[in-house]
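Take the given structure of chain C and dock chain W to it, following the hints.
Here the protein sequences line up with chains C and W, keeping their order.
End of the first sequence = 199 in this note's numbering, gap-free, step of one.
End of the second sequence = 1062 in this note's numbering, gap-free, step of one.
These are computed hints drawn from the structure, not numbers from a lab.
A quick note: this is a predicted structure, and the numbers were derived from the prediction, not measured.
Ideal Cβ positions, reconstructed from N, Cα and C, are used throughout, including at glycine.
Treat the hints with care, as some may be off.
[Claimed, not checked] Stretches of chain W that chain C covers, calculated by requiring three or more beta carbons in the stretch to come under 8 Å of a beta carbon on chain C:
hint : segment
1    : 941 to 951
2    : 1015 to 1024
[Claimed, not checked] Here are some, though not all, of the chain W residues that point toward chain C, as calculated from beta-carbon distances under 10 Å:
hint : residue
3    : Val958
4    : Leu969
5    : Val999
6    : Gly1000
7    : Met1004
8    : Val1035
9    : Thr1038
10   : Met1043
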Amino acid sequence: MELLIDIVLLGLLAITAVAIVATRHLFVATMLAGAYSLTSAALLVNLDAVDVAFTEAAVGAGVSTVLMLGTLTLTRRREKAHRKLSFGPLLLVLATGALLIYGTVDMPAFGDPNAPAMLHIAPDYIAGTRDDIRMPNIVTAILASYRGYDTLGETAVVFTACVGVLLMLGRRRDEDEEAGSRRPERGA
Amino acid sequence: MRHHLVLRVVAKLLIPFIILYGLYVQFHGDYGPGGGFQAGVIVASAIILYALIFGIERTRQIFRPEVLLVLAPLGVMLYALVGFWAMAMGGAYLDYDFLAANDTAGQHIGVITVEFGVGLTVTAVMTLIFLAYAGRTHEIDDEDW
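Just chain C, with the same shape it has in the complex (with noise of 0.2 Å):
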């Protein structure tokens, strides 16, 4: 059952990818970018990584679609064209797809007790969640205490990302426009 469910969110993945590729509309390409975000996080679901599946909904479905609106509104709704096929990427994509699908058959099976990231510190984070810290998410054990400088550096990224964005896009137009730094483009 679960393969089943697998195989038919890969599918719709694929589709939706294929139609983001395939369409010069930018609305639409925005909204399937969400939709393919949304399949992924019920891949994940199915995965058993709720916790991933999670930030895949909120982020890649949810605010990031908004952004990538918002960002529509600045900009034309339709790419350009070219419809121009060129072979050299083309079989440069092809021949890492092809390599990345050779490097998997090498890989442990999925779930696999004795895969050799489960062997190394896996077991002491199981233990010292069940003995010492007794969380249930062992997610929430692993990221906030034992990786907590991990977690303390990416919470420093986003708050990074949040400075550059503002440093670049905090002005309002309308005060741009009053300063009478940039004239406006449409005639409002």
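Same frame as chain C, but now just chain W:
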């Protein structure tokens, strides 16, 4: 703004529940899926929904950018200070074991505080980024919908 009656009513009904769900995800992160990051995005999406329906200007009056600009670094600082707090109690940086009398209580206090800091920063940052984008566009008239 006099139009979209259905949207306005539905948004008014939904926004409190979205924020409540965000708080649940925030403070229930040790027990269920979620945590500060997801909770921050959920609360921010409630604010963004408000902005989409009721306009940017009203949103700026309620969720003032000046306040959000303080909250964003405050969350990171709260996180970093928990680390120094653990050092002051005799542990290593971010070693929550030392925050309370026994290790488990200390870990719980540390994780909840740290996740709250993450939630604060993410809420403020997502809202600020959205307001920055939205502030670049002209107000969309009702006829443009």
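Evaluated hints:
1. 941 to 951: Satisfied; 7 residues make the cut.
2. 1015 to 1024: holds (count 3)
3. Val958: holds (4 Å)
4. Leu969: holds (8 Å)
5. Val999: holds (9 Å)
6. Gly1000: holds (7 Å)
7. Met1004: violated (13 Å)
8. Val1035: holds (5 Å)
9. Thr1038: The hint holds - Thr1038(W) has a Cβ within 10 Å of chain C, the shortest such distance being about 5 Å.
10. Met1043: Cβ of Met1043(W) sits 6 Å from chain C, so the hint holds.
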